[in-house]
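The whole structure should be built from the sequences, with the hints applied where relevant.
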Amino acid sequence: DGGITQSPKYLFRKEGQNVTLSCEQNLNHDAMYWYRQDPGQGLRLIYYSQIVNDFQKGDIAEGYSVSREKKESFPLTVTSAQKNPTAFYLCATEDWNGYTFGSGTRLTVV
Amino acid sequence: AQSVTQLDSQVPVFEEAPVELRCNYSSSVSVYLFWYVQYPNQGLQLLLKYLSGSTLVKGINGFEAEFNKSQTSFHLRKPSVHISDTAEYFCAVSVSNTGNQFYFGTGTSLTVIP
Chain R
12 DGGITQSPKY LFRKEGQNVT LSCEQNLNHD AMYWYRQDPG QGLRLIYYSQ IVNDFQKGDI
72 AEGYSVSREK KESFPLTVTS AQKNPTAFYL CATEDWNGYT FGSGTRLTVV
Chain X
267 AQSVTQLDSQ VPVFEEAPVE LRCNYSSSVS VYLFWYVQYP NQGLQLLLKY LSGSTLVKGI
327 NGFEAEFNKS QTSFHLRKPS VHISDTAEYF CAVSVSNTGN QFYFGTGTSL TVIP
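Protein chains in written order, with our numbering: chain R, 12 to 121; chain X, 267 to 380.
None of these hints come from the bench; they were simulated from the model. Among these hints, one or two may not hold up.
Simulated restraints, written as ranges between beta carbons of each label pair [stated by the list, open to error]:
id, chain 1, residue 1, chain 2, residue 2, range
1, R, TRP107, X, GLU282, 31 to 39 Å
2, R, THR88, X, THR372, 24 to 32 Å
3, R, ARG117, X, SER275, 15 to 23 Å
4, X, SER275, R, THR90, 30 to 38 Å
5, R, SER84, X, ILE379, 29 to 37 Å
6, R, GLU26, X, PRO345, 46 to 54 Å
7, X, GLN337, R, ASN29, 41 to 49 Å
8, X, THR372, R, GLU73, 18 to 26 Å
9, R, ASP70, X, ARG343, 27 to 35 Å
10, X, THR271, R, ASN29, 30 to 38 Å
For glycine and all other residues, C-beta sits at the position ideal for the given N, C-alpha and C.
Rendered as structure tokens:
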């Protein structure tokens with residue numbers, strides 16, 4: 012079945028560490044997105060990519076980085092510069108039918 | 267820029283009662299409208315969408331929504347809710363159905379009371 016795989020489902024990070032969240036898709040969609048979800052704030056766009064080797068900052072890109080070397084993959088790195096990284100992170104792809112979401116990664120800073 | 271307002275952050279409703287979750291958007295151009303549902307610790311799942319045509323849209327799990335251009339609204343309704351409908355519901359707007367960012371509301375938490 013086609014879909015989006017986000018891994019890991021749960022991730023714990025010590026303060027000062029960089030961590031990378033994986034997002035892989037086999038839907039053959041060009042556009043991919045990373046959102047951050049906090050309680051009561053809905054979804055906020057971190058980065059998006061419309062095509063391989065190109066990506067754009069979203070509304071809250073500070074402290075995050077991405078790469079898009081392959082169509083299937085859009086990993087998100089949460090750097091030590093992100094002051095409040097504890098959140099639920101969602102990856103999505105887009106086609107004419109709208110967005111398809113992965114099952115998310117819950118990141119906790121300990 | 268687009269904005270999406272979900273007027274109710276929490277909606278409690280008794281089982282088998284009807285429910286309406288409200289969504290308003292701001293846009294001076296044509297938009298595409300979506301409702302998504304999220305169960306705890308999961309991603310978002312598409313409930314229904316309006317791209318064009320009939321303003322009454324039917325989705326999965328017995329939900330429907332009506333696009334009202336004059337009131338810039340896209341309210342979600344279900345005539346009789348079930349316990350399994352307890353979830354977070356998000357309204358989203360796009361100015362195009364491809365190649366453009368979605369704008370999400372802050373979500374409405376629906377709790378169905380037995």
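These are the hints, each one checked on the structure:
| no. | hint | verdict |
| --- | --- | --- |
| 1 | R:TRP107 <-> X:GLU282: 31 to 39 Å | holds (36 Å) |
| 2 | R:THR88 <-> X:THR372: 24 to 32 Å | holds (27 Å) |
| 3 | R:ARG117 <-> X:SER275: 15 to 23 Å | holds (21 Å) |
| 4 | X:SER275 <-> R:THR90: 30 to 38 Å | holds (31 Å) |
| 5 | R:SER84 <-> X:ILE379: 29 to 37 Å | violated (43 Å) |
| 6 | R:GLU26 <-> X:PRO345: 46 to 54 Å | holds (50 Å) |
| 7 | X:GLN337 <-> R:ASN29: 41 to 49 Å | holds (47 Å) |
| 8 | X:THR372 <-> R:GLU73: 18 to 26 Å | holds (21 Å) |
| 9 | R:ASP70 <-> X:ARG343: 27 to 35 Å | holds (30 Å) |
| 10 | X:THR271 <-> R:ASN29: 30 to 38 Å | holds (36 Å) |
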